[in-house]
Amino acid sequence: MPRDLAAMMRGDQDEPKDKISRDMEKQDHLAEIKPYVQTLTTSDIDSAVKLEDATFPPEERATREKVSYYPSCCMMLSLAAPTRDLVAYST
Amino acid sequence: MAMGAPSASLSISLDFVIETKTYSTIVANVHCTQFEYRFTKCGGLCLGLFTSVDMNNPSSPLASVETASSAHHVYSGAPARKSVLLAHCVVTKTTNPTVMDEDMEVPKDWKTSGTSSSSVGHREEGRTIAVHSLAVLPSLQGQGLGSTLLKAFYQRMGYVQAADRIALLAHGELVKFYEKLGFENKGPSKATFGGGNWVDMAS
Chain Y
1 MPRDLAAMMR GDQDEPKDKI SRDMEKQDHL AEIKPYVQTL TTSDIDSAVK LEDATFPPEE
61 RATREKVSYY PSCCMMLSLA APTRDLVAYS T
Chain D
1001 MAMGAPSASL SISLDFVIET KTYSTIVANV HCTQFEYRFT KCGGLCLGLF TSVDMNNPSS
1061 PLASVETASS AHHVYSGAPA RKSVLLAHCV VTKTTNPTVM DEDMEVPKDW KTSGTSSSSV
1121 GHREEGRTIA VHSLAVLPSL QGQGLGSTLL KAFYQRMGYV QAADRIALLA HGELVKFYEK
1181 LGFENKGPSK ATFGGGNWVD MAS
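So the protein sequences, as listed, match chains Y and D.
Numbering-wise (our numbering), the first sequence opens with residue 1 and increments by one.
Numbering-wise (our numbering), the second sequence opens with residue 1001 and increments by one.
A portion of the hints provided could be inaccurate.
As the list claims (entries may be wrong) - Cut-off 20 Å, straight-line C-alpha distance, at most; resulting in silico cross-link-like pairs (DMTMM-like, lysine to aspartate or glutamate):
#1 Lys1190(D) to Glu60(Y)
#2 Lys1190(D) to Glu1105(D)
#3 Lys1151(D) to Glu25(Y)
#4 Lys34(Y) to Glu1105(D)
#5 Lys50(Y) to Glu1066(D)
#6 Lys50(Y) to Asp1101(D)
#7 Lys50(Y) to Glu32(Y)
If you are wondering where the hints come from, they were derived from the structure by calculation, not from laboratory data.
Let the sequences and hints guide you as you build the complete structure.
This is the structure we're talking about:
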């Protein structure tokens, strides 16, 4: 994209607009992308590492080890307590 | 233990088990299988924001984003569609009210020793959720994906009553973004992660 066009687009965004029209534009974008939320699992590790690499400078990135650790340990967040109770009763 | 609405059936099952201890082995096994299923489906708090992309469509800019090459197939009638990760919110729980360096660490033996015994990393008993990373692909930033994901996260945390607050570290320029989403500026952080200079924020 030519630099002046890029600058124009940025300038466009900087123009004061009321909040409603800004929000509506964002909604349009979101509707176009159709995003959905899912729990991260160990099968998403490769993508999560790539996302970290693309987003953060090296010193702020989560390493592969961290990205593997977090979803594993949070898999049973909160609801793990009743599970333990049940396991206790079963023994 | 307080249970939110979505956990109502869980609470009933538990009462049933307590009242019928003699049958507990059988009952517990049955319910454990159900719980295992529920936890796998809805228990995790690390969230990803995905979208389904037709990888055979060269005009789709999403087919060439950084995470596209490791995307999984979407189980649909269209084999070319894959579920591409656009943003994620990666967290652990902590006993600290704000995010400290030890929260960001990973226990050396986590793969073998379980997760709740270590003094660093994830603390099962903690009531604060420490956000380690809220990342949106650079080419898609500024469109509200990050705040959408964080709102979904808030909602899910409310459902499972997993914690009392969310805490994160922000750099100067993102402090306002998080303030708009309901976080409070708690002042300069002691965390030295990534060179330090962070602001403590908590909901």
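Evaluated hints:
Pair hint Lys1190(D) plus Glu60(Y) holds up; C-alpha atoms about 16 Å apart against a cutoff of 20 Å. Under the criterion of a C-alpha separation no larger than 20 Å, the hint pairing Lys1190(D) with Glu1105(D) is consistent with the structure, at around 15 Å. With a C-alpha separation of about 18 Å, the suggested pairing of Lys1151(D) with Glu25(Y) holds against the 20 Å cut-off. Note on Lys34(Y) and Glu1105(D): the hinted pairing is violated, with a Cα-Cα distance of about 34 Å set against a maximum of 20 Å.
A C-alpha spacing of about 6 Å is found between Lys50(Y) and Glu1066(D), which places the hinted pair at or below 20 Å, so the restraint holds. With a C-alpha separation of about 23 Å, the suggested pair Lys50(Y) and Asp1101(D) falls outside the 20 Å cut-off, and the hint is violated. Proximity of Lys50(Y) to Glu32(Y) is assessed by CA-CA distance (about 23 Å); at most 20 Å being required, the pair is judged violated.
When each numbered hint is compared with the structure, violations occur for hints 4, 6 and 7.
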